[in-house]
Amino acid sequence: MKNKLDELRKANGLTQEEFAKELRVSRQTISAIENGKYNPSLDLAFKIAIYFSKTIEEVFTYEEENHEKK
Amino acid sequence: MKKNNLIYGLVCILLAGITLYAAISFGENKMVGGLYGLTGVLGGNGIYIIVRYFYWLTNKEKFQEKLQVKQIEQQDELKQKIREKSGTCTNLIGNLIILVSIMVYLILNVLDIMDTTHIIIFLVIYLISQVVIEIIVFNHLLKKYE
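Here the protein sequences line up with chains L and H, keeping their order.
According to the numbering used here, the first sequence is numbered sequentially starting from 193.
According to the numbering used here, the second sequence is numbered sequentially starting from 2.
Calculated from the structure, these hints are not laboratory results.
Hints may be right or wrong, so weigh each one.
Unchecked claim - In silico lysine-lysine, DSSO-like type, Cα no more than 27 angstroms apart, as pairs:
id : chain 1 : residue 1 : chain 2 : residue 2
1  : L       : LYS229    : H       : LYS71
2  : L       : LYS239    : H       : LYS86
3  : H       : LYS71     : L       : LYS239
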């Protein structure tokens, strides 16, 4: 799953630490999502999208090929 | 910090006092070493809890911050997932160690090097209990989702 988290976070002038604090998750979680190493739960994905006033589809892009490879 | 912590610390100190008194009263009994050890553990733990209680009492803001970070760390979904994986991995390795131990003790027993019957029985029961407990806990947790 691809995402625009890094882009959106930087556009909002937030560090990983600050953004993690806002969402009440660890900095490592944000880092892992941004690097595409971890796919967040639906709950967290919604929280992220809502935080940036976007829809989930605008933040996350589902890619079947990559998903199957994993 | 909750007052319960102070009470818990005081209870530890009290128990340490009791075990120390018992250790002194027993004189030269085999239990004395263990009782002194227990006194050390309980006393040390009690003092640590009390000191920590008063430290955090004077640094309330810092404590709230620490508590918040701790809560986030505990509820963090990535860390929960990793903890789950590490638990499964540890369990598997632990079971393998027990299995190898059973075989080693069995060989020692068969070759009359050591009488390990009790150890073998204990390890077999422990290994079986691990598997059974795992199944019971798994089914219990699964039921919560039905």
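Each hint tested on the structure:
For the hint pairing LYS229/L with LYS71/H, the CA-to-CA distance comes to about 24 angstroms; that is within 27 angstroms, so the pair holds. A distance of roughly 25 angstroms separates the Cα atoms of LYS239/L and LYS86/H; the hinted pair therefore holds under the 27 angstroms criterion. Using a Cα cut-off of 27 angstroms, the hinted pair LYS71/H and LYS239/L holds, with the two alpha carbons roughly 20 angstroms apart.
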